[in-house]
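Enquirer: Start counting the sequence shown at 114; every next residue gets the next number (our numbering).
Take the hints with a grain of salt, since some may be wrong.
[What the hints assert, rightly or not] Using C-beta positions, here's what the derived DEER-type ranges look like:
hint, residue 1, residue 2, range
1, 208, 183, 21 to 27 Å
2, 193, 164, 42 to 48 Å
3, 253, 172, 38 to 44 Å
4, 256, 223, 30 to 36 Å
5, 170, 218, 44 to 50 Å
6, 206, 239, 29 to 35 Å
7, 216, 165, 37 to 43 Å
8, 180, 211, 22 to 28 Å
9, 229, 207, 45 to 51 Å
10, 227, 180, 27 to 33 Å
Hints were generated in silico from the structure; no laboratory data involved. The structure displayed is predicted, hence computed values, not measured ones. Where is the CB? At the ideal position from N, CA and C, for every residue including glycine.
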Amino acid sequence: MIRPYGRNDLGLADKGFEDFYNMIDNFFNDEFTPQRAINSASFKVDIAEDDKGYTVEAELPGFDKEDISISLEEGKLTLVAEKKEETDKSDKSKNYIHKERKMSHMQRTMFFKNIDEDGLTARLENGVLEIKVPKKEIQSKTKNIAIE
Numbered sequence: 114m115i116r117p118y119g120r121n122d123l124g125l126a127d128k129g130f131e132d133f134y135n136m137i138d139n140f141f142n143d144e145f146t147p148q149r150a151i152n153s154a155s156f157k158v159d160i161a162e163d164d165k166g167y168t169v170e171a172e173l174p175g176f177d178k179e180d181i182s183i184s185l186e187e188g189k190l191t192l193v194a195e196k197k198e199e200t201d202k203s204d205k206s207k208n209y210i211h212k213e214r215k216m217s218h219m220q221r222t223m224f225f226k227n228i229d230e231d232g233l234t235a236r237l238e239n240g241v242l243e244i245k246v247p248k249k250e251i252q253s254k255t256k257n258i259a260i261e
């Protein structure tokens with residue numbers, strides 16, 4: 114039988130206190146907190162900036178490029194990774210005692226301003242999605258006027 118690991122194993126004879134402390138620990142470390150929700154129901158993203166643009170790196174282990182969609186709307190870059198388990202005859206022959214890999218849907222949205230929306234590129238390599246987001250070239254708004 115698979116049992117979740119209790120983080121607060123106090124070794125007390127009365128298991129009531131241990132269960133109480135595990136319950137409190139689970140409450141504060143459950144998906145109610147935004148950081149926990151990001152860690153468990155999403156993927157990690159790093160964003161770097163230089164003079165030419167931004168580089169977004171997203172960890173997506175186990176996903177193929179067909180499982181990922183990238184969209185850009187009014188400066189909002191949205192990454193969606195979705196994987197559905199395909200059941201086949203070989204799957205039914207396995208005697209699973211615990212199974213968690215059924216479906217996964219994760220999404221992250223980031224906002225960028227002053228970017229070249231036509232120049233975005235993306236590639237997936239070794240479970241890391243890299244997106245290059247170039248900045249728009251800033252046009253000088255100063256106009257020199259010749260004196261006659």
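Enquirer: Hint by hint, say whether it matches the structure.
Expert: The hints, checked one at a time:
1. Restraint check, residue 208 to residue 183: a C-beta distance of roughly 39 Å breaks the suggested window 21 to 27 Å.
2. Roughly 30 Å separates the CB atoms of residue 193 and residue 164, a value that falls outside the hinted 42 to 48 Å.
3. At roughly 40 Å, the beta-carbon separation of residue 253 and residue 172 lies within the given 38 to 44 Å, and the hint holds.
4. Taken as a hint, the range 30 to 36 Å holds for the pair residue 256 and residue 223, whose Cβ atoms sit roughly 35 Å apart.
5. The hinted range of 44 to 50 Å is not satisfied by residue 170 and residue 218, whose Cβ atoms lie roughly 21 Å apart.
6. Checked against the hint of 29 to 35 Å, the pair residue 206 and residue 239 passes, with Cβ atoms roughly 31 Å apart.
7. The beta-carbon spacing between residue 216 and residue 165, approximately 38 Å, falls within the hinted interval of 37 to 43 Å.
8. At roughly 23 Å, the beta-carbon separation of residue 180 and residue 211 lies within the given 22 to 28 Å, and the hint holds.
9. Between residue 229 and residue 207 the Cβ separation comes to about 49 Å, which falls inside the hinted range of 45 to 51 Å.
10. Between residue 227 and residue 180 the beta carbons are some 31 Å apart, a value that agrees with the proposed interval 27 to 33 Å.
Checked against the numbered hints listed earlier, the structure breaks hints 1, 2, 5; every other hint is satisfied.
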